[in-house]
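Visitor: Line by line, the protein sequences give chains A and F.
Each residue of the first sequence is one higher than the last, beginning at 1 in my numbering.
Each residue of the second sequence is one higher than the last, beginning at 1001 in my numbering.
Errors might be hidden in some of the hints.
Said to hold, decoys possible - Simulated restraints on C-beta separations:
# : chain 1 : residue 1 : chain 2 : residue 2 : range
1 : A       : D17       : F       : V1141     : 38 to 46 Å
2 : A       : L176      : F       : P1144     : 38 to 46 Å
3 : A       : G76       : F       : P1152     : 53 to 61 Å
No wet-lab data here; the hints were simulated from the structure.
Every residue, glycine too, gets a C-beta built ideally from N, C-alpha and C.
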Amino acid sequence: MRILNASGCLDALAAPDVARQLDVFVTKTVTPLPREGSAPPRIAETAQWMLNAIGLANPGRERFLADHLPRLRELGVPLWVSVGGFCAEDYAETCSGLSDLEAIELNLSCPNVDEAADSAAEIVAACRRATELPLYAKLSAAHPDVAEVARAVAAAGADGLSLVNTLRGLALDGRLRPILARGSGGLSGPALKPIALHAVNVCHEATGLPIVGMGGVQSGRDALEFAACGASAVALGTVLFADPGAPARVRAELEEACIDAGVASPEDARSSAKSPETVRKVPA
Amino acid sequence: MQSSSSPSRHRVAGSERLGAYTLLRLERGGVEPGVPGQFFMLEAPGRLLPRPFSLCLALPGELAFLVDPVGPGTQALAELRAGDEIGVLGPLGRGYRLDVERPLLVGGGIGIAPLPWLSEALDAPPTVIGFRSEHHAEAAVLLPHAEVVIDPVFVTERIEPGLDVLACGPEPMLHAVAALCPTAQLAWEAPMACGYGACYGCVVEIDGHLERLCLEGPVLDAARVHSNVEALA
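Chain F with its partners taken away, still in its complex shape (with noise of 0.2 Å):
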């Protein structure tokens, strides 16, 4: 885990549009990809703190982030522009366990992010993902051979049963998943300032207490999180 020292700055190597979504392309540096599920710091230019993203894709020589432009630091973030440069702290926290058998990856809406090199790290497994509308859907292009599934249609009606789910998505989704398939694995989402540790702001309730996301997960199995997380909030 590289989170003794500052940030390392990378350039922007490239940026695309994606529906509604934009991939962000760095220049890898002497950055480690991690494991897939991992996250990395971001600097969110113009803003006072970092943002958590799980890596997309590691090309050669680059790290990609899929970014949803939902505020003042992620929209910094897609209009980055080649030459750009931020900087990047990671990877960060626990990913998805490999060892599995029968794998099924299930995705929905930007949490398809850390899918790519998932799939990649388990030789293109079955996969399935759900987006809100076509516009949305327009990012399935980074899993080639996925099931897509566009609201009304939710990925929990595509999920059969035995199989080892490795799952990121919105909440709803998450516990849906959770609650059909108990072995799942869940990468969730909250709020962080710092990534590893300090800052305390990162909570979910894991195993029935608040815990720190950031170094419990962001992966998490299943039964470790419950649906009650809502009602604490």
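So that you can see chain A by itself, here it is in the shape it has in the complex (with noise of 0.2 Å):
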């Protein structure tokens, strides 16, 4: 099972001997214009969940290509390139301009900047056109039906599939005003595993695609639990702040979680998650 890091979770440049520890090193995402991101205060934090409000600060498109894309070819782990956008013109124009990349994340679902007015299949649509590059859409747990989000995205050509992104929340400090300058954030962490696991398993059963699951892995244990719900891959987020040694961590407790669950392998898990077929009736 390949360990990534989710997008925007990891600096490679600042931190190369980290991303080396990585199967893959996704970007942070790439929109077509420079963008400074949200004022401070960007995150807040419990024990369970953390909220940022990044708001995609990048250096843009063309310093990307330029500087940042040829520096990270340098670290000699396998790049995929997040792509965020306002339009699908946007993200399909940054697409075709990306060559020799083992795969391009679309990121449809930022939660710290206004929504792309395009819908998600129109998106990857676009793209599709315009990159023979594999194509990941990373999708947001808050649509009432993600599956069918999936169903969309895979009509429209996307190669696999990158879930979950964060939710927005909201958390208000002593004098209940929001802690976050851009008042909601995106929430990650522990709590948000549940919502994420639920999202790869009904995705997996829907589509059949690759699925990168994250979205509150910290341990060994967690990675195989994504597994058994159909992720082929999973991604390092919030874990990767507080633990800079976190991939090569999990991938040694990865082997554990397997023998104390009893599988011979993360793809021995797969799809053990789903339901039962026969469903208990309720006496009357």
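Put the two chains together into one complex; each comes in its own frame, and the hints tell you how they fit.
Guide: This is the structure:
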């Protein structure tokens, strides 16, 4: 089971030795124009979750391609570029300028910017026409039926799914004002895990596409649970902030978690979380 | 910089109340103290994310941190007892440049935290520190030779021109110091999830752009930070 970072949760140029522990490095989302991102404060946390409102801070497409991407290639880690934008054309234009990557992840679900006017499927279709690189659609579990969105992006040409992005949340300070300058932020951490597991489970059933599972992965056992729901890879986000050694640790723990769960490998655990065929009837 | 492996585990050697603050002493293990002004991420028991602390004292075999219990994470750290164990990552960031001719150390409140270790590195230069109350000022025992002022007297009233100021304290104090001493080195503070550039949470306006304090700082030349940081927030 491959271990990736969740987009935006690691700067591989600032911490190359953390990136080298990963099977794939996923870049922070690149938008057509540079973005300073949200004003501080940008983060808040409790024991179970973290909120962030970074606001897609990034150098913009031009500088990313000219300056950042060549330096990322020197790391020797397979790369995915996360692409963002505000309409289908934004995404497609960036995709058409990318080559020699393992895949592109389309960030269709950033909770900290206004949503793109076009639907997820329209964006994926536009990108499909713009590139032959594998396209992973990163979706949010905020949609009432994430499996329906997964089916739509699969029909539009997505090669895989990244599940899930953070969920919009709000945290207040002692004087009942939002802690984050932006007000709301994206919720991540252990509180997100059951929501993410469910999304992976139903989207795997709905599409059969390869899935990168993410949301609250802290341990090898967590990663194995994502495999059991149908994920073929797992991405680490919030856990990297407290533990830059998390990729190597989770990989080591995963072996032990397989033994404890009585499975030969994460692949062997695949789909064991599907609902039983017979549902016990509730007595009248 | 130790930031690519998991945090190392350290036992609490002891914990002492100093007025409103707590001096938390950890067994050093194999961790280097770094340069004064650099910081460490300390695991906050029961919380998801660690908290940043500049090193206060590099004692023999120990690392000591000054904790102001202002929220649930810092309270949990202040409540640790000898024998408890926490994760530690660091030293991180950029500390003070020590190639100064006429150093004056200036600290305010919990901002005195990096000064004892800095004072040791610079052979106990002149120091002025300010507190909001007599109770808070009990932490001045960490800097026995320092001049201590208490609100309503401000440290900025005690800064003579022509000195190389190295300061740490609340933002209004740092802006006031910057206005008096454009060449000062100032240690800033920001909420931080990771301490090694991954989370982009700790940005402040540096050289006119939002930059990560954990990588650029926490110690910055005064001219790099402008006084409109509050306006942004």
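Visitor: Taking the hints in turn, state whether each one holds.
Guide: Hint check:
Between D17/A and V1141/F, the C-beta spacing of about 40 Å keeps the proposed range 38 to 46 Å intact. Restraint check, L176/A to P1144/F: a C-beta distance of roughly 43 Å satisfies the suggested window 38 to 46 Å. Between G76/A and P1152/F the beta carbon distance is about 59 Å. The supplied range of 53 to 61 Å therefore holds.
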